[in-house]
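Enquirer: Single-letter residue listing:
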Amino acid sequence: MKRRDFIIKSINAGIFTGAALSFGGYGKIFANTVNSSLPYDLVAVRDGEPDLMLDKALKAMGGIKNFVTKGQTVVVKPNIGWDVPPERAADTNPLLVKRIITHCFTAGAKEVYVFDNTCDKWSSCYKNSGIEKAAKDAGAKVVPANSESYFQNVDIPRGKNLKNAKVHELILSSDVFINVPILKNHGSARITVTMKNLMGIVWDRRYWHRNNLNQCIADFATYRKPDLNIVDAYQVMTKNGPRGTSTADLVKMKYLIVSDDMVAADAAAAKVFGIEPQDAEYIPMANQLGVGQIDLTKLNINRIRV
Amino acid sequence: MKLAALKKLRVVFSILYFLLILTLFIDFTDIIPEKIYDSVLFLQFVPSLLTLVNIFTITGIGFLIIIILNIFFGRVYCSFICPLGIMQDIFSYIAKKIRRLKRYRYAYIKPLHWIRYSFLGIFIIGLISGITVLISFLDPYSIFGRIVSGLIRPVVVEGNNLLASVFQKFDIYTFYVVDLQPQHWQVMIVSAFFLLLILLFSVFKGRLYCNTICPVGTLLGFFSRFSVFKININKNTCTSCKLCEKVCKAGCIDIPEQNVEFDRCINCFNCLTVCPFDSIQYSLDRKITKQESPAPSEQNPNNRRQFFALLALIFAAGKSWSQDIEVHDTATFPTKRKVAVSPPGSDSIEHFNSVCTACHLCVSACPTHVLQPAYTDYGLIGFMQPVMDNHAGFCNFDCVKCGEVCPTSAIQLLDLETKRQTQIGIAQFVKQNCIVETEGTNCGACAEHCPTKAVRMVPYHGSLVIPEVTDNICIGCGACEYACPTTPHKAIYVEGNAIHQRAQKPEEKEQEREVEDDFPF
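Chains A and B, in that order, are what the protein sequence lines are.
Counted from 1, the first sequence has number 84 at position 79 by the numbering used here; the numbering is strictly sequential.
Counted from 1, the second sequence has number 356 at position 353 by the numbering used here; the numbering is strictly sequential.
It cannot be assumed that every hint is accurate.
As the list claims (entries may be wrong) - For lysine to aspartate or glutamate, the following EDC-like pairs were computed, each having C-alpha atoms within a straight-line distance of at most 20 Å:
1) A/K171 with A/E153
2) A/K244 with B/E513
3) B/K172 with A/E116
Said to hold, decoys possible - The following label-pair restraints were derived from C-beta to C-beta distances:
4) B/D41 with A/P162: 53 to 59 Å
5) B/E515 with A/R308: 21 to 27 Å
6) B/I18 with A/K75: 52 to 58 Å
Worth flagging that the hints you see were computed from the coordinates, not collected in a lab.
Being a predicted model, the structure only gives us computed values, none of them experimental.
Where a beta carbon is used, it is the ideal one built from N, C-alpha and C, also for glycine.
Go ahead and model the full structure; you've got the sequences and the hints to work with.
Expert: The structure is reproduced here in structure tokens:
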């Protein structure tokens with residue numbers, strides 16, 4: 006144990022026990038239940054601006070109130086992995102993030118948190134992606150995830166290769182988890198969508214890379230089902246992902262996919278991207294682990310054209 | 004003329020300046036605008052001297068200003084500008100408070116000329132020969148920088164982290180935890196040694212360090228002999244009460260002789276405030292006669308021989324240690340960096356080694372912490388100089404902070420466009436260590452992080468993809484090496500370019516792709 010950890014832990018154990026306990030959410034185990042009250046398994050919207058498409062999709066899903074209720078704490082997890090400007094579409098569209106936060110507050114959310122464990126220097130990513138400003142403008146708390154001390158160890162009982170991981174404390178303590186990836190090409194996972202985006206809520210990513218990346222992505226998806234996944238597929242990086250080298254890597258596809266099923270969302274995103282869901286190994290793997298439904302024909306899908 | 008207010012001016016100015024420079028070295032939040040660095044640091048003597056010697060620019064005139072000031076007023080640098088000097092004053096002041104003294108109790112100290120001039124000699128040899136490590140050890144500004152960035156900054160950061168974690172419990176995320184990179188203990192030992200040295204000197208003997216060891220002090224002292232304004236004792240009114248001698252931090256007031264050795268005076272102006280008869284004054288130098296201590300012409304030849312032997316030793320060590328550094332301690336397949344990677348803007352390792360005084364300002368300022376003090380990465384010749392340590396971080400594609408803060412021009416400021424094509428090294432792929440080869444599973448962490456896609460994944464066996472490096476677009480930023488998850492050795496690492504090269508721009512191929520009109524599902 007590092008000296009600092011010791012000091013922090015001692016303080017936790019001591020005078021701050023009361024404060025820590027009052028959060029109550031620590032260590033809370035989230036059931037992997039299906040939200041059966043939703044009108045559709047998946048909503049896909051196309052040909053609109055990101056924020057407008059979001060409004061349409063949420064309306065089709067029965068409104069934000071199906072996901073967020075009054076007084077709840079919400080964590081919105083976009084992809085903020087890279088220190089590049091919004092037009093490079095390596096990070097989630099800041100306007101979309103802002104709109105999501107606004108919806109949450111409309112539903113009466115007590116607090117909305119935004120964070121990502123970034124790949125490039127975190128503060129530059131937060132700033133240059135435009136997400137920090139957009140989120141703050143909408144009233145959210147933008148939270149760091151740059152140090153191991155923000156992460157807590159959890160078990161992943163259904164994982165094959167990944168049996169435990171350190172997860173950001175806000176994922177553990179918040180009531181609602183909204184996953185907001187951007188669809189992109191990825192060198193070895195083929196595409197990155199909802200399940201791959203969850204790498205940004207864990208601390209040690211190198212472990213995943215060492216122990217069969219695709220299996221670990223699928224394994225971690227069994228840990229906790231986000232209450233809502235919103236896939237930004239407006240500008241899609243079709244090559245040189247996930248960081249990209251220029252705007253020439255992008256194709257304007259103008260899609261938005263919303264689902265509470267990560268496997269379904271990733272499968273639909275794969276189709277939009279132009280590959281079969283089976284081509285991204287972790288999607289069938291997660292299907293097999295019972296994370297969700299890979300066969301889109303078995304789902305009740307609402308397709309909306311703006 | 005009574006000029007006691009000069010002391011107040013000195014105290015106020017030096018404290019403000021000290022706090023400013025301290026902030027530059029401690030800032031871990033990157034909030035200080037880059038432009039401030041230059042305007043705060045351009046008066047630092049050795050960095051600006053090196054800047055002028057190496058690249059003839061306007062920022063290099065700081066030391067000339069100091070010399071001109073010196074010719075008029077004496078060693079103002081030592082009491083107003085030098086952060087190590089001000090730090091000693093602070094230590095002396097605190098020690099005085101602890102000992103509950105009303106005033107300092109110093110006494111005249113005989114000048115230790117041969118020690119002074121030996122250190123100045125070492126310094127000048129370092130300057131001429133380009134063995135900057137000699138300068139690094141002696142430059143007061145750099146010593147101060149290393150003490151702050153290596154010893155004080157970590158304490159401040161740990162304090163911040165403790166605060167951040169307490170606030171975190173109350174759902175306040177204004178403060179955030181900053182992870183520290185541990186330095187080589189050998190580098191920290193040097194910093195700690197100097198801290199202890201100046202602490203001892205300043206607590207017991209005032210500014211003895213500045214008048215015994217510091218080559219800048221000695222050099223400026225030489226100019227002080229010709230200063231227009233000097234501290235003088237009026238022998239007609241002086242009662243030899245020794246009040247001024249007792250408060251003289253430099254120990255340069257010799258009351259039995261009623262003489263001020265102005266080459267050792269550091270312009271603290273303490274003496275002006277204590278004399279009950281205004282017998283000690285800061286005024287135009289009226290003394291025409293010069294009977295100052297003789298120049299160090301009678302240096303002991305034996306000492307000189309020892310000194311050159313020491314130099315030869317350092318040279319030899321530099322030659323034999325510089326290459327062949329093992330990057331990793333144990334291994335399935337050990338990878339070795341033959342050439343260390345120097346920061347972008349340093350042009351070549353040779354230029355960098357000969358200009359950097361290891362003040363560690365860039366180490367403090369580097370947002371990704373990839374810049375770390377070297378141990379033997381460059382050989383002894385570059386001991387303590389910053390080196391790109393890809394285990395600590397990687398060089399941000401869109402960042403030129405080190406060039407912006409560097410006061411010596413060892414790291415020159417590149418515009419972003421140039422930086423993005425400056426090849427400081429080239430990634431080397433070691434297939435034997437790669438996950439794809441050893442585990443038969445996909446990984447791709449290296450290609451993921453590569454900003455130019457010099458490292459990209461290409462088809463291997465079956466559905467496996469394996470990294471491939473395109474040398475001419477690689478800039479050696481080390482993102483691949485940092486991200487590579489293999490242990491204990493990396494499967495990809497950066498081999499330094501001894502002379503930095505220009506990389507090609509990555510190709511930008513526009514895509515012709517129609518988005519299907521129907522939903523694909």
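Enquirer: With reference to the structure, classify each hint as holding or not holding.
Expert: These are the hints, each one checked on the structure:
no., hint, result
1, A/K171 with A/E153, "holds (8 Å)"
2, A/K244 with B/E513, "holds (11 Å)"
3, B/K172 with A/E116, "holds (15 Å)"
4, B/D41 with A/P162: 53 to 59 Å, "holds (57 Å)"
5, B/E515 with A/R308: 21 to 27 Å, "holds (26 Å)"
6, B/I18 with A/K75: 52 to 58 Å, "holds (54 Å)"
Against the hints set out earlier in the document, no violation occurs for any number.
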